[in-house]
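Work out the full structure, taking the sequences as your base and the hints as a guide.
One letter stands for each residue in the lines below.
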Amino acid sequence: MPEILVETHDLTKRYGSTKSSGSVLAVNNLDMSVEEGEIYGFLGPNGSGKTTTILMLLGLTEPTSGYARVTGLDPLHDSLEVKRNVGYLPENVGFYDDMTGRQNMRYTSQLNWIPKREADDRIDWLLGLVGLSEAADRAVAGYSRGMRQRLGIADTLLKQPRVAFLDDPTIGLDPEGIRELLDIIVGMARDLSITVFLSSHILQQVQRICSRVGIMFRGSLVAEGTVAELSEAGSGEGSVRLEVEASGNTDSLAESLREVPGVIGVTVRGGEVALDCVGDVRGAVASKVIDGGMELRRLVTVDRTLEDIYMYYFRQAEAAAVESEAS
Amino acid sequence: MIPVFWKELSDHFGKRRFVILLGLILFASTWAGFVAVRSLPELAGEVPPDLVFLQLFTGSSGAIPPFLFFLSFFGPLIGITLGFDAINSERSQGTLSRVLSQPLYRDSLFNGKFLAGLTTITVVQVSIVVIVVGIGMFILGFGPTLDFSLRIAVFTLASVIYMAFWLAIAMLCSVWFNQAVSSAMTSLALWLFFGFIMLMVAGAVSDALVSNPQTTEEAIERVRVERMARRLSPVTLFQEATVTILTPTIRSLGPALVQEGSRLERLRPLPLSQSLNLVWPHLTAILALAAACFGISYARFLREEIRS
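Sequence order for the protein chains is A and B.
Under this note's numbering, think of the first position of the first sequence as 1, with each following residue one higher.
Under this note's numbering, think of the first position of the second sequence as 1001, with each following residue one higher.
Just so you know, these hints were derived from the structure itself, not from any lab.
Using N, Cα and C, we set each Cβ at its ideal position, and we do this for glycine too.
Any given hint could be a false lead.
Using C-beta positions, here's what the derived DEER-type ranges look like [as the list claims (entries may be wrong)]: (1) Pro45/A x Val1126/B: 52 to 62 angstroms; (2) Gly1014/B x Gln160/A: 27 to 37 angstroms; (3) Thr1122/B x Gly128/A: 37 to 47 angstroms; (4) Phe1138/B x Asp137/A: 44 to 54 angstroms; (5) Phe1013/B x Asp137/A: 14 to 24 angstroms; (6) Ala1291/B x Asn29/A: 55 to 65 angstroms; (7) Gly1014/B x Pro115/A: 20 to 30 angstroms; (8) Glu325/A x Thr1119/B: 35 to 45 angstroms; (9) Asn29/A x Thr1122/B: 51 to 61 angstroms; (10) Trp1176/B x Gly131/A: 32 to 42 angstroms; (11) Glu81/A x Trp1031/B: 47 to 57 angstroms; (12) Asn92/A x Gly1023/B: 31 to 41 angstroms; (13) Tyr1105/B x Glu325/A: 37 to 47 angstroms; (14) Ser324/A x Ala1291/B: 43 to 53 angstroms.
One-sided excerpt, in silico: chain A residues whose CB lies under 8 angstroms from chain B [as the list claims (entries may be wrong)]: (15) Tyr67; (16) Leu80; (17) Asn92; (18) Asn112.
See below:
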């Protein structure tokens, strides 16, 4: 059975005192675990508590209550040992701009007490791995965003961690840069057998490499599983999405379709109307269009995109939040 | 801590702003020492010949203030330059969380930076003093006696502590303010306040407490109040302490220092231990202030949340 490398129990972080009204619950009773060898996608919109969770896992922030275990150790009390075992790529990673990429990495190797000869070999190899051999001896000030992120990955791997925490590594990169970076991450997880804990606010970007994802919303984990499991669950409950195209005014079409029983959501998209329905109501929709004197051109069920699944969990969590506030 | 120390040390000596400031201070202090030597013949009647050597540091001629004053005013600038962006630049560059996720304690980073600053200060101070002494020996043709060498060593140590105090102030600001500019401005404001404004405040305080002195006692009282008020500023503490250390004829730090200083100078010089006795409170106060600033910034930095 694979070892559990990252786990949290009722992990909670509250900013501001409990009594004052200004207190913010950044992470709320989080329970999760990541096994060795996984690429765990930690997803959620900005401000949902992803970074705070990672900081608590690294011992850089103290939890208000609950606890975390990383490689079996408490990040608060064994912080040095935990930091020896894990690599961390912060969101918007920074380097000393006046130093070269190689000098920056050499400093990291010194902080890790890696012997110089070994460090130099490893730095050369890692810079090659992330495709920065050419730029290694240029000042970081002249690096592009993608190059910085790749240097960040190399820097994270320098200490040969068991777990790598990558906080939103694809932010601000172009599609090509994202593809390159994700390939590097997959490669390092496979070839160096590193467990990867990857946070992102855009599911599409990272879903292809994640073996499992967890979705954070307002400090709570609202869903967890493989991408396939989540998409199945998200499209469940007999909910169906239809796209309708007909002659005549789209807005009035949308209005009339709203009255069809079973339709719970109506969106106008260009020349067509998208319907969220409970159950397959295609028949009722078709007769409504024809009764209205319009010509039905197209009526199809659509597979939910990942975006929809993602949004589904957010809406559900939001609704639950509103409910609990009301009660 | 050691890797942090070496990196910071090489950073300090490589920074352009530091090199420029260092050049200015070296120039100003050698110039002051040089002028002091040139003015020695005029003092020949007033200063006993065996005390001449220390005049290099305290002597002045009209337009150019003595070496000591250069140091008391510009020493703080070195401390501030070395410390004002110690922590907040790491924060704004986004390197702080990357460095702190390496296996080192948080205080190692802070201590390493402080120690690197302290080492830089020591190197600067020692080289300035050696240059001035060298000029003196070259022109006078003789070196300082053992007692004077010890005095110069104590003076050097006191200056290092004084600049370390300003380094601690600057590092405190760098922990407190996230913007390097606010931190620099605040440290400079403190420097201006203690260096210049405090003198006016002290004057105002003594005016208010002893206005319009009639008798000699009242006049002395007034000077005493003003001096005590000035001593709230570390700049004054440093000046008094170092003047006393470098002028063996000063026997008291009361009002007489200003009033009758020149006459007292003809008295027999004190041994170093007695001079030290006079300024022990001054030196302790500066050291305590430096330690307090260091402690506050240290405590605050350790409790700080690291988000970037």
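### Query
Which hint numbers doesn't this structure obey?
Numbers 6, 8 and 15, in rising order.
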